[in-house]
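Assemble the complex: chain H is given as a structure, and chain X must be docked to it using the hints.
The listed protein sequences correspond, in order, to chains H and X. With the numbering used here applied, the first sequence corresponds to residues 36 to 315, in that order. With the numbering used here applied, the second sequence corresponds to residues 241 to 669, in that order.
A hint or two may mislead.
Which stretches of chain H does chain X cover? Using the computed rule of at least three CB atoms under 8 Å from a CB of chain X, they are [unchecked claim]: (1) 57–63; (2) 246–259; (3) 274–281.
In the SDA-like style, the derived pairs of lysine to any residue whose C-alpha atoms are separated by at most 20 Å in a straight line are [unchecked claim]: (4) H:Lys285 with X:His339; (5) H:Lys285 with X:Lys638; (6) H:Lys193 with X:Met326; (7) H:Lys280 with X:Lys638; (8) X:Lys638 with H:Phe40; (9) H:Lys280 with X:His339; (10) H:Lys314 with X:Glu651; (11) H:Lys193 with X:Ala506.
No lab work stands behind these hints: they were computed from the structure. Since this is a predicted model, take the numbers as computed values, not measurements. Just so you know, even glycine gets a beta-carbon here, dropped at the ideal spot from N, CA and C.
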Amino acid sequence: MLRFFAPWIAPLVGALFVCSLLWAVVMSPHAPAIHLASEEFHLQPKAIHYSFEGPLGRYDNQQLQRGFQVYKEVCSACHSMRLVAFRDLEQIGFNKPEVKALAKGWATETPSLNPDTGEAATRKSLPSDYLPGPYPNEIAARAGNNNALPPDMSLLAKAREGGPAYIASLVTGYADVPADLKKKFPDFNVPPGLHYNPYFANLNIAMPPPLTSDGQVTYADGTKATRMQMATDVSAFLMWAAEPKLENRKRTGIAVVGYLVIATLLAFAAYRNIWHGKKH
Amino acid sequence: MSFPWAAHYAPKNPFMRWMDEKLPLPRLVYNAVGAGYPVPRNLNYFWNFGVLAGAALGIQIITGVILAMHYAANGTVAFDSVEHIMRDVNSGWLLRYAHANGASFFFIVVYMHIFRGLYYGSYKAPREMVWLLGVVIFLLMMATAFMGYVLPWGQMSFWGAQVITGFFSAIPIVGEPIRMWLLGGFAPDNDALNRFFSLHYLLPFVIAAVIVLHIWALHLPGSNNPTGVAVQGPEDTVPFHPYYTAKDGFGLGVFLICFSLMVFFAPNALGHPDNYIPANPLSTPAHIVPEWYFLPFYAILKSFTANFLGVPAKLWGVMAMFGAILLLFFLPWIDRSPIRSGNYRPVYKKLFWVLVADVLLLGYLGQAEVTPTVVLLSQLCAGYYFAHFLILIPLIAKFETPLPLPNSISESVLHGEAAEAAPYGTATA
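Isolated chain H, as found in the complex:
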């Protein structure tokens, strides 16, 4: 009995799945696809060249320091960077006294306890402290930003499709709504408190334009602070903040791959040697 039925089990199960799929094809709604403004007017990040790209890429410490300055003077008014400590800034070329001064002079202080009363308090930051954020908590951050939450910037360059180029494009990408868009999508509007930005996925972003004019920061090294320059510098700095071990990683990689290539060539020679004259 079983011998007779067994060969039919698999085809029957297969036919069941195939029929279910065919039924799904037949039943699929033939509604026309909804065309969205965000599909047509969303722009890919600008092509920006960074020194840390490629297998031999390195950070440019001058650029990272300029980018840090932009973060400190512009971004940090709303965005925290909770995974980076002041001590880490030594990696981008600040010396110990500079780091100490930066920590001490930071716009917001580090939360602590009053040693006499045990009440919540703040104190001047030390190099070992992580950068204090501008808001004590999420509720305060939302209250200060029209109910939008400025994301923490520690990992931003790795947490967005397109990375640093996306960030640089976004902060310089604010524009008026194109006439073309208004004509094609009459229903499209920019709600109050939002801003049109074609680099943002749904075109309307809560963040107001952060870089409004050339010369918004004054670079110590004399570089001209155009908006694009500031955007490129700060996005490079954010890449460092997100991936501080990048240089070490690539350097190690060159050595490891070089070693492996030699070892593999030797292994290939050994393989050929052992199989020499042996047909296979």
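Chain X alone, transformed into the frame defined by chain H:
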């Protein structure tokens, strides 16, 4: 085990003789991966992937055990503990990137290993048990990889856990209670994270144990080979060591170069940017996608869009997704063709490559944005997947005319050059 002409372990060193009497571990190694294990002489590079899978598991266990020393499985600190590894632990970035990419490379080599088995009929008698244990390993790997992806507690971790445990809620009546029992709550939280960590640490050792059984079961009949013709005599085989240890050594080198290129120069290429955002139950990502190695099955899941025969679409999808893997358990009995190697099965060979293209396309569709075209293509591809294994394979087994098989492995290799046919490696060591 093994063939009668296998070399016998006969240690000359007195210490090794003493050892052999007290604990014959060197003998076991000698008979398993040494000169005492005769292997078909004609294995091609596709036979490297079993050893590479073992190496990948080794990399995962070593990096994983060290990562666990620095990781904290608690929802409030898990994400930051991973960043602590990336920033403050000595070479922590290397450990984590090696572990994350190691999972991908484990799947790459295992998929190559599985498709090699499919092409050359390695699942057929007398190696059914080898295949069954292999499918068990594959299932354990999928569970382990899924739970490992949850541990960094980023957005994709959290929402992946939400979606995948949600499959169980498709089961009628008991589904929702099962889902809550698995998660230890209504949604993924500390309890889920903690038990996933525990299981993620346990399962690799279970995998290692099943690999021992897999190899044990393999060594009774010995390896299959590209002709599919069984080994008939000493002229068909070479001893595993030094022949295949040397070939595997070269393969391992190539594998490690590819692996290193990813780890050191594109460590996040296979990951999702959203997983660098801490888990947030109140904010759903725009597109929840699993890791790439689950995408073909994810596409199958999503392709069942209509209720059919009173069974809801979601349940069809979940049954199909699990069915797509579970049907592999029955493959040795579904495929009744006595010819193993696809080289001698003209129709099967063509369909095999259609299946490869089908699975690759399903992988692409699994991560594509859902549009009517994508859904239709997924339905066609998912349909082919089931038709291939459950309908076409039994049919062609019945109607296909195979090409003439060589009389033996050595005949297929030597083309009548008799001088080369002398038995090799049969001397005692």
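Going through the hints against the structure:
no.: 1; hint: 57–63; verdict: holds (count 7)
no.: 2; hint: 246–259; verdict: violated (count 0)
no.: 3; hint: 274–281; verdict: holds (count 3)
no.: 4; hint: H:Lys285 with X:His339; verdict: holds (17 Å)
no.: 5; hint: H:Lys285 with X:Lys638; verdict: violated (56 Å)
no.: 6; hint: H:Lys193 with X:Met326; verdict: holds (13 Å)
no.: 7; hint: H:Lys280 with X:Lys638; verdict: violated (59 Å)
no.: 8; hint: X:Lys638 with H:Phe40; verdict: holds (16 Å)
no.: 9; hint: H:Lys280 with X:His339; verdict: holds (17 Å)
no.: 10; hint: H:Lys314 with X:Glu651; verdict: holds (11 Å)
no.: 11; hint: H:Lys193 with X:Ala506; verdict: holds (12 Å)
The structure shown violates the earlier hints numbered 2, 5, 7.
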